[in-house]
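Enquirer: In case you want the letters, here they are:
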Amino acid sequence: MSPVFYILAAITLAGGLAAVVLKRLVHCALAVTAAFAGLALLYLQLDAQFVAFAQILVYIGAVAILIVFAILLTRGSDLPKEGVFSRTWFVGLVIAAAVFAVLAWTVVQSLRGVPQQTAVPAVAVRDIGNMLVGRYVLPLEIVALLLTAATIGAVIAAMHQKEGRQ
Amino acid sequence: MNGFASPLAGYLLVAALLFAIGLAGALTRRNAILVLIGIELMLNAANLNLIAFWRFGPHPEALTGMMFAIFSIAVAAAEAAVGLGLVISIYRHTHTAELDKINRLKG
Amino acid sequence: MLGEGILKGMLETARNFFGSYVSKERLTTVEYPEKRIPAFANARVFPFLVYDGSDSLGGMRCVACQICEKECPPKCIYIEKSKDKKPDYVGKPQFYPARFDIDISVCMSCQICVEVCPFEAIKMDTEFELATDDRFGGLLYDREQLAKSNEYYHSIHPAEANEVDARLAEEKAKVEARAKAAAQAAAAKTAPGSSETPGGGS
Amino acid sequence: MSIAETKPERADGWNRPPVTAPDGDGELLEVSMGPHHPSTHGVFRMDVTLDGERVVRLKPGFGYLHRNHEKIAEGAAYLASMPYTDRLDYFCSLTNNWAYALAVEKLAGQEVPERAQYIRVLLAELTRIQNHASSIGFLAQEMGASGTPLMYAFREREKILDLFESLTGSRMMCNYMRFGGCRVDVSSDWLDATSKVVAALPEFADEFEALLTSNEILMARCQGVGVLKPDLAVNAGVSGPMLRASGVNYDIRKVDHYGIYDRFKFRVPLGDHGDIYDRYMVRVLEMRESIAIVAQAVRDIPAGPIMDAKAKIRGFRPKPGEAYGRIEGPKGELGFYLISDGGPNPYRYRVRPPSLINLTVLEDMCLGHNVADAVLILGSVDIVLGEVDR
Amino acid sequence: MTTTPASVTADQIFILLRDWLAGFLPAGLRTAADVVLGVIAIVAVFPALFALTTVFERKGLGRMQNRLGPNRVGPYGLFQPIADGIKALIKEDVVPLRADTVVHFLAPLTLVVAVFMEFAVLPMGRNMALVDMDAGLLFFFAMSASTELSVFMAGWSSRNKYSLLGAMRAIAQMISYEVVLVLSSISVVMIAGSLKLTKIVAEQNQYSGQFPHWYVFTPWGVAAALMYAIAATAETNRSPFDLPEGESELVAGYHTEYSGFKFALFFLGEYLAMFAISGLGVTLFLGGWSAPLQSLNVIPSWVWFFAKVMLCIFVFIWVRGTVPRLRQDQLMNFAWKFVLPFTLLDLVVTALWRFMGQGWLRWIVCTLILAAAYVLMGRFGLREERMGRRSYRYAE
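Protein chains in written order, with the working numbering: chain A, 1 to 166; chain B, 1 to 107; chain C, 1 to 202; chain D, 1 to 390; chain E, 1 to 396.
A short, non-exhaustive set of chain A residues, derived as facing chain B with CB atoms under 7 Å:
(1) V32
(2) L39
(3) L46
(4) V99
Hints were generated in silico from the structure; no laboratory data involved. Note that CB positions come from ideal geometry on N, CA and C, so glycine has one too.
Extracted from the complex, chain A is given alone in its bound form (with noise of 0.2 Å):
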C-alpha cells in the first residue's frame, strides 16, 4: 500500500463525508465533486486510464453540473429553515454502520489467503474499444438506447407543461 493510496483514498472518503454531513446543498455538490475527482485518481493509480477520464468526463464535466442545476432551480441554495437531517437519521446511521461492517468483515475475511495479480495489465484504448464494438456491442447499444430514453425522460419530466396549465 503505497502513501499515494492513502492520500487519495483520504481525500475520496474525505469528500464523500463532507457531502453527506455538510450544510448547504451547494457545498455538498462541491464536496462530491471531490470525492468524483479522488475516485478518477484511484482509478489512474489503478491503471485504468480511460475509465479514470471517463470519470471526470461524466461525472465532474456532467453529473455534477446537473446537480448543481437542480440544485439552484430548487433554490437548494438556501439554509433549510428545519435541520438538514430528516427526524429518522439515527435509524439511517445505524443500518449504514452495519453494512459497513458487515462489507468490511466480508472484505477481511474473503481475500485471507486469495491469489492476487500484482503485474500491470498492459491494455490499450484499442483494446478496450475493440471490446465494446466486439463482445459487448449488445450491451453498448442498450446503453445507447437506455442513455437516449433517459434523456428525454429528463426532458419531459423536466419540461414546462405550459399548454397543460393554462
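Chain A is already provided as a structure; the job is to place chains B, C, D and E on it using the hints.
Expert: Okay, now just chains B, C, D and E, sitting in the frame of chain A:
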C-alpha cells in the same frame, strides 16, 4: 491479517466505507438532491470495486471489470439525469425538495 | 448561404487592419502630447482679457461695464468696478476692473461674453491644458492671469484680431476727427469754454 | 405577451399588462439595470422584472442628469439659453440651436437671410449624418461588436466635428445659431472642405453596410425584435427615425416646410416592420439622403448676409405672445415652446425632447423579449440622457 | 527525410536541453525530473504567451478599428502586460460581504489548474508532448469539462445576480458546445484510429510530393474543422459567443465580483483555454507540428506548432473585431439545430470516406453531401429566425 494488508483489500475497504457514507447520506438527509448524491456515491463505490477486481483479478486482459465500470458510469449518468429531472418536477408541484414533506401520492 | 455576411464583414475588418499600416485615412489617431492638431482659427476655449501695449493692467481694454457679468449664462464672471477712472485707448477716462475673476471650472465656453462686449475687451483663448491639482483656487482666474496682450490675440485668431484692430482704429480716428472738429469749432468760437468732452460712441 | 397581441382596452392602446405570477413555477427576478450598468447610456436605470430571462415589466428610471434647464432658461435672457440647448442632446447641438432659434424667431417675427438658411440646412444635415452614424455604432456596441462599427462611425464623425470646430469654434457645444441668422459666416474654404468630406461619405456608408447590414448575427438579433406598431407609435407621440421605421410617413422637414427644405430633393425612407433592424436601416438610408442634401446645399448656397439686419444681441425683448418652433432633429421632433411677457426672459420655456418621448414606448417594445434584447431595444431608440432629463 | 543534423538539433533543442539538465541528477530521479522540467516549461511559456497575446489582441483590435492600441509602455507597448500585471497584483482584492469566501477563492485557482492540465497531452513539437497518453484526447476533454464547475463556483459564490446569470449561461453554453467539440474530433479519431494525439499528428505528417496530408484538406475535415472552430469559440466564451461576460447585459458575467489578482487568474485561465483549444485544433486538423510543405521541414517543428496556434488566435481576434454577439436562445438554437446535426452528418460522411477507399469518387460524393447539407440546413434549419435582407420604400 493477510487479507487486510493486500492492495485489493485496501481498495475494497475504501469502497465499502464510501458505500456506507453514501448510504448514510441517502438515509439521513431531508433533501431529495442529497439523497441522489448519496446514491451516486454508492454507485461510485461499486465502480471502485469493479475496477479493483479487474486490476487485481485473474484475467485483466478480458476487461470484464472495466467494461462493467464503463457501463455503470453511463447508466449512472442516465440515472442522475432522470433523478434530478424528477426532483425538479416534484419541486414544481410541491415547491419543496424536502423528502419529509413529499409524503402524499397526490400531487 | 449562412455566414456570407459575416465573411463580408471580416473582409472589411481585414481591409482596415492592413489599411491601417499604409493609409493615413485608416489610422486617424494623433498621438496627443507629442503631436497636436493645430488649433482652428475660430477655436474657442476660455475667455481672456485683451490689453494694449505692454502694461497688462494699465492697458486693459475692459471698462468694468459688467455687461458680460450680467449676460454670462452660467454666471462665472465676477467684476468689481474701480473707484477711480483711467483713460482708455481714445483717452477718455473710464472705470477699470478692480477685480475681474472668471471661474474657469464653471465657464462653459459659450462665447456670449465676447459677443456682448462693446469694448472688444474680452476674447476667447485656445489654450485648454489648464488642469491643476488645486481644487479650490486653481481654476478661479483673476485679472492678472486673464490678461493677455493684443499680440497674443493676433497670434491665435489673426483674421478676427485684424478686424477688431481695424474697427478700433476706425473708431479712434472717428473720435479724433470729432475731437479735432470740436477743437476747431472751439478755436473758431475762441471765447466760450471748451470743457465739453467728445461723447464716446460705441 | 407584447401589447400588440392583446386587444387594447383603452382607445389609445395604453393598457399595460399587469405583472402577475410567471407562467412557470420560478419566481420573478427583479434586476436593476443601471444607472452604473455599462449599457444604459451613463445615467439611465431600468427596473426590469424578469421571468427567467424574459422581461415581464420594465420601469425606466431617469432624472439622474436633471439640470433644471427649463427653469434656468426662464430666469435667463433669451440668448443665454442658446448655449444650454447645446447641452440637451450633446450629439446634435446644431439642430438644437436651430429649433430654439426657430422658436424665438417665430416669437419675435424675425426673418432669416437666405445664406443663413442654407448654412442651417447644411449643418443640420451634417449633424444628422454624424448622429445616425454614431447611434448605429452604439447599437452595434450594445450588440457586443467590440467597438469596431463605433470606431468607424467615430472616424467619420471626427471629420464632421472638425468642420464644426473650424466654423463654430467648438466640436460639440457649437452655440452657433442666433435669432435671425448665424454667428459667423462660412468661408469658401470651409465649403470646399465640406464638399470633400461629403464626397467621401457614401464610401463610408458602403463600408459600414458591408460590415453590418448583411451580417447574420445582426439580422438574427435585430429582425423581429422590439416591434413598434404604427398605431402605438402615433399614439405615444413617437417621432423621427423610430416613427418612420414603423412605416408612418411623417417627416417635419416635409410636413412643416420649415427653413428652406422645399428646395432640396430628398426622399424619406420608411420601414415596414418597425423592429430594430428597420430602425437601423432607416437611419442608414437617411444618412445617405442627408449626404445628398448637403451636396445640394454646398452647390447652391448664395452669397449675402447671414444675420437679420434688425436682430440685436443685447436688449432683446420680443413682444408678448407665444410660439412653438419645431424641427426634424436627428432623433425626432425637437420643439421649443416659448411664452413671452415682453420681458428680457421667456415667461415660459418648454422643450419637447424627442429622446424622452421616444423612450416612453420602451416597455411596450421590451415586454416578452429577452433581457439582452431590452438592452438592444434601448440602444435602437437612440436616446441621449442630456435631453431626456434636461 | 532530408533534414540536416543542425536542423534536427534545432528541432529537438528543448528535449536536448531537458536531458542535459536532467543529466545532473542521479539516474533514479531522471524521469521525475523530466516531468518537472516539462511542467516548468509549460507554466513558464504559456503565461508569457498570454501576456504577449493580450497586447497583440489589443493592438490588432485597435488596428481593425483604425486605432493604434496600447503603445505607451515600452517599445510598441510591449511591456503593457507587465504594467497590467503589476496593477492587478497591487489592486485591492474586493470580496463581496456576503460572498462564500472559500468557494470564491477556490474558483479561479481550480480553473487555472484544470486549464494548465490540458497542455500536458498536447504535442508541441516532435517528441514534445509532456505525457504521451494513450487516451490523450479523452484526457483533454475531461480536463476542459472540469473547468465548468469553476465557472459555476465563481458565479454562485459571488452572490450577485449578474454573476449567477453569467455562470448559468456559461455552463449551458459550454455543455452544449462541448458535445459538438467532442463529436467533431471523433471524426478525426475515426480516420486516425487513435485517441493518442502524437499518433494523430504522425498520421498527418505525411506528404504526397510537397503537399501534406492534413485532415483539414479533406471534405469531412473542412467541415469538422469549421464546426470545431465554432465550438471552440463558444467553449472559450469568445465573441460572438461571449454571452457569459456580455458587458452590455451582464456587466462581466461570472467574474463581475472579482478584482485584482483573482480577476487576473480568470483572465489567464480564459486565454490559456484559448491556447489549449487552438493547440488541440491544430493537432487534430492542421497537422500539429508538421510543416505545411515538405521542404519547410527544416524549420523546427515547435516553431510550426506555435505559429499555427498564433494563427488560430489571430482568427479569434479577427472574429471578435468583426461580429456582434448572439442572444442566449439563438446561441442554443444554433448549437442544437445547426451545429450538432451538421457535425453528426459529418461523422456519417467521415465513415463514408473511410469505407469508400482511395480514389476521386469519395471526394466528389463527400463534398457534395456536405455542401448541400450546409446550404440546406443554413437556409431551413434555422428557419424560425426569419432573417434576410429587406428592401425599403421611400416617401417623396
